[in-house]
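Number of protein chains: 2
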Amino acid sequence: MKKGVRAAFQGELGAFSQVAARQLLGERVKVVPCTRFDLVFQHLANREVDAAVVPIENTLHGSIHENYDHLLEFGLEIVAETQVRIVHNLIAAPGVKFGDVRRVYSHPVALNQCLKFFAAHKELERTPYYDTAGSVKMIMEQLPKDAAAIASSIASEQYGAHILRKAIEDDSQNFTRFFLLRRHGSKPEPAGKLGWKTSLVFTTPNKPGSLFKALSVFALRDLNLAKIESRPLRGKPYEYLYYLDFLGKATDPVPQKALAHLEELADMMKILGSYPRSV
Amino acid sequence: MKKGVRAAFQGELGAFSQVAARQLLGERVKVVPCTRFDLVFQHLANREVDAAVVPIENTLHGSIHENYDHLLEFGLEIVAETQVRIVHNLIAAPGVKFGDVRRVYSHPVALNQCLKFFAAHKELERTPYYDTAGSVKMIMEQLPKDAAAIASSIASEQYGAHILRKAIEDDSQNFTRFFLLRRHGSKPEPAGKLGWKTSLVFTTPNKPGSLFKALSVFALRDLNLAKIESRPLRGKPYEYLYYLDFLGKATDPVPQKALAHLEELADMMKILGSYPRSV
Numbered sequence: 007m008k009k010g011v012r013a014a015f016q017g018e019l020g021a022f023s024q025v026a027a028r029q030l031l032g033e034r035v036k037v038v039p040c041t042r043f044d045l046v047f048q049h050l051a052n053r054e055v056d057a058a059v060v061p062i063e064n065t066l067h068g069s070i071h072e073n074y075d076h077l078l079e080f081g082l083e084i085v086a087e088t089q090v091r092i093v094h095n096l097i098a099a100p101g102v103k104f105g106d107v108r109r110v111y112s113h114p115v116a117l118n119q120c121l122k123f124f125a126a127h128k129e130l131e132r133t134p135y136y137d138t139a140g141s142v143k144m145i146m147e148q149l150p151k152d153a154a155a156i157a158s159s160i161a162s163e164q165y166g167a168h169i170l171r172k173a174i175e176d177d178s179q180n181f182t183r184f185f186l187l188r189r190h191g192s193k194p195e196p197a198g199k200l201g202w203k204t205s206l207v208f209t210t211p212n213k214p215g216s217l218f219k220a221l222s223v224f225a226l227r228d229l230n231l232a233k234i235e236s237r238p239l240r241g242k243p244y245e246y247l248y249y250l251d252f253l254g255k256a257t258d259p260v261p262q263k264a265l266a267h268l269e270e271l272a273d274m275m276k277i278l279g280s281y282p283r284s285v
Numbered sequence: 007m008k009k010g011v012r013a014a015f016q017g018e019l020g021a022f023s024q025v026a027a028r029q030l031l032g033e034r035v036k037v038v039p040c041t042r043f044d045l046v047f048q049h050l051a052n053r054e055v056d057a058a059v060v061p062i063e064n065t066l067h068g069s070i071h072e073n074y075d076h077l078l079e080f081g082l083e084i085v086a087e088t089q090v091r092i093v094h095n096l097i098a099a100p101g102v103k104f105g106d107v108r109r110v111y112s113h114p115v116a117l118n119q120c121l122k123f124f125a126a127h128k129e130l131e132r133t134p135y136y137d138t139a140g141s142v143k144m145i146m147e148q149l150p151k152d153a154a155a156i157a158s159s160i161a162s163e164q165y166g167a168h169i170l171r172k173a174i175e176d177d178s179q180n181f182t183r184f185f186l187l188r189r190h191g192s193k194p195e196p197a198g199k200l201g202w203k204t205s206l207v208f209t210t211p212n213k214p215g216s217l218f219k220a221l222s223v224f225a226l227r228d229l230n231l232a233k234i235e236s237r238p239l240r241g242k243p244y245e246y247l248y249y250l251d252f253l254g255k256a257t258d259p260v261p262q263k264a265l266a267h268l269e270e271l272a273d274m275m276k277i278l279g280s281y282p283r284s285v
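Respectively, the protein sequence lines represent chains A and B.
Each residue of the first sequence is one higher than the last, beginning at 7 in this note's numbering.
Each residue of the second sequence is one higher than the last, beginning at 7 in this note's numbering.
Hints may contain errors.
Just so you know, same-sequence chains aren't split out, so a pair can sit in one copy or run between any two.
Unchecked claim - Here are the simulated SDA-like pairs of lysine to any residue, each with C-alpha atoms no more than 20 Å apart in a straight line:
hint: 1; residue 1: Lys-36; residue 2: Gly-201
hint: 2; residue 1: Lys-151; residue 2: Glu-79
hint: 3; residue 1: Lys-242; residue 2: Asn-180
hint: 4; residue 1: Lys-193; residue 2: Leu-149
hint: 5; residue 1: Lys-151; residue 2: Gln-179
hint: 6; residue 1: Lys-143; residue 2: Arg-189
hint: 7; residue 1: Lys-151; residue 2: Lys-219
hint: 8; residue 1: Lys-263; residue 2: Ile-70
hint: 9; residue 1: Lys-199; residue 2: Ala-256
hint: 10; residue 1: Lys-122; residue 2: Asp-258
hint: 11; residue 1: Lys-103; residue 2: Thr-88
hint: 12; residue 1: Lys-276; residue 2: Gly-81
hint: 13; residue 1: Lys-233; residue 2: Ala-99
hint: 14; residue 1: Lys-172; residue 2: Lys-255
hint: 15; residue 1: Lys-122; residue 2: Thr-41
hint: 16; residue 1: Lys-219; residue 2: Leu-229
hint: 17; residue 1: Lys-128; residue 2: Gly-105
hint: 18; residue 1: Lys-122; residue 2: Gln-48
Hints are computed from structural coordinates only; laboratory data are not their basis.
As the structure is a prediction and not an experimental result, all values here were calculated from the model.
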């Protein structure tokens, strides 16, 4: 059924967003790499693709506000979520053996996430590069005999390289959460085993206790929150926008009442989507 | 008085953290660049430097969880905050004129934040590099006749380059918030014009309405929040850690009562520091 879905994502082929796209849409997804996040949203809004896959937060690096901005701006719908564990692999061109490698290319963040590996292999020189998947692309174009790259396994597969060492990252708890986006009115996803989650954005009046009142609409109905985050509003000191996720489906009776109550209290409220909860 | 303060930061000389260090400690600050955030904290804890300057959140990219983790782990104190506007400049080696430039090096994020500039100058090729300040360092080592870099003005000054075009970024609302850290027991900062802010971290029991109850300690005392953010606890599904900033000084009477009340409700609570509010 999911055969041939075209999904846009930001980054080079082989980026972790492509891993997310496969988790969300299956192995046969046709990916459309874009250089920027706004182009990912634009392609979907313009019907050039069927879906978009965007990262929304990372366990080490926090929420990606830019994508929340685009969610508000483009009016697309979140229909699914997934978590991708960031697994780094040492990758080289065919024929290059582990013992041949002297230089290792990758994004500085990825190099810094494999410090135990480098401590155990002092002969390897860390060489910063602008992108993880891009570093695999580069070694497959230039075919250095003594160099390798650090990236996802999908990057190795994408460019026909091979993995010399798997999972060399220090921290196995580094996850990125991705959203699958569709245009409004698309066929809904089937319910999952873990129930539903709803993501929304709202702003409150500039009064003490505004957030406390806003959260009462969930607490008084025993609805569990899964995320809350404030963000200062541009050019409006003391005013905040909130990102909130709660467990439940926006169209079910109790959440519907909570959201109607929140609309009374909030200056602005926008539901970004209800989707089967993952993890 | 601030002469000769030694402050550690993460990044190359000329990074935006160095701009923050100057805003916080004056022009005469002696900066100690480190390759990683944990080393910045370690240097300060080990008394190798007098202060540390770390980014904590960015208006586009969100909170830097890694630095919140280090704040909990190292037990250092936040004594000041500042906001740095991310201003990108086109920078070249002496003698290179704007009309000579064909290639522009910088971190991909910086290149993507100057799209209007590139749209107006289609002759310029964007070339991704691993770091903004590092791209200035590189052009000053290799002295290409036809290349420039995009970075902070301090990077230009640091490496003896010159600025060809100032403030070429698309978005003038891109700010990063930095903390100044000291060891506990350091001389406190003088009060500012905007009053005090306090940052803390707490966890709540896994019960519906826990956060609502926790926020009541502030709402019932008319204390204003300036930030709230949840973060899932590792390996403990449904349990969250919260980052919270409120306006006030932890040792003043009303905040003291609110914090004592929060300690009753929270599983864990840690005050990271009270400091003069900026902006």
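Structure-based check of all given hints:
Taking identical chains as interchangeable, the C-alpha atoms of Lys-36 and Gly-201 are never at most 20 Å apart, the minima being 28 Å within one chain and 54 Å between chains. In this assembly of identical chains, the alpha carbons of Lys-151 and Glu-79 never lie at most 20 Å apart, being 47 Å within a copy and 42 Å across copies at closest. Taking the closest pair of Cα atoms, Lys-242 and Asn-180 come within 20 Å of each other only across two copies (15 Å); inside a single copy the shortest separation is 34 Å, beyond that limit. With identical chains, the CA atoms of Lys-193 and Leu-149 are never at most 20 Å apart, being 45 Å at best within one copy and 56 Å at best between copies.
Taking the shortest alpha-carbon separations for Lys-151 and Gln-179, neither the intra-copy value of 33 Å nor the inter-copy value of 45 Å comes in at or below 20 Å. Taking identical chains as interchangeable, the C-alpha atoms of Lys-143 and Arg-189 are never at most 20 Å apart, the minima being 32 Å within one chain and 45 Å between chains. In this assembly of identical chains, Lys-151 and Lys-219 lie within 20 Å of each other by CA distance neither inside one copy nor across copies; the values are 63 Å within and 61 Å between. Taking CA atoms no more than 20 Å apart as the test, Lys-263 paired with Ile-70 passes in neither setting, with 29 Å inside one copy and 35 Å between copies.
Taking identical chains as interchangeable, the C-alpha atoms of Lys-199 and Ala-256 lie at most 20 Å apart only when both belong to the same chain, with a minimum of 17 Å there against 44 Å between chains. Proximity of Lys-122 to Asp-258 under the C-alpha cut-off of 20 Å is found in neither arrangement, the shortest distances being 48 Å within a copy and 45 Å between copies. In this homomeric assembly, Lys-103 and Thr-88 never come within 20 Å of each other (Cα to Cα): the closest approach is 35 Å inside a single copy and 49 Å across copies. When the C-alpha separation of Lys-276 and Gly-81 is checked against a cutoff of 20 Å, the pair qualifies only within one copy, where the shortest distance is 9 Å, while the shortest distance between copies is 39 Å.
In this homomeric assembly, Lys-233 and Ala-99 never come within 20 Å of each other (Cα to Cα): the closest approach is 42 Å inside a single copy and 47 Å across copies. For the identical chains of this complex, Lys-172 and Lys-255 are neighbours neither inside a copy (39 Å) nor across copies (49 Å), given an alpha-carbon limit of 20 Å. Taking CA atoms no more than 20 Å apart as the test, Lys-122 paired with Thr-41 passes between copies only; the shortest distance there is 15 Å, against 32 Å inside one copy. Taking the shortest alpha-carbon separations for Lys-219 and Leu-229, both the intra-copy value of 15 Å and the inter-copy value of 14 Å come in at or below 20 Å.
In this assembly of identical chains, Lys-128 and Gly-105 lie within 20 Å of each other by CA distance solely inside one copy; the values are 12 Å within and 44 Å between copies. For the identical chains of this complex, Lys-122 and Gln-48 are inter-copy neighbours only, at 17 Å across copies versus 41 Å inside a copy, given an alpha-carbon limit of 20 Å.
When each numbered hint is compared with the structure, violations occur for hints 1, 2, 4, 5, 6, 7, 8, 10, 11, 13, 14.
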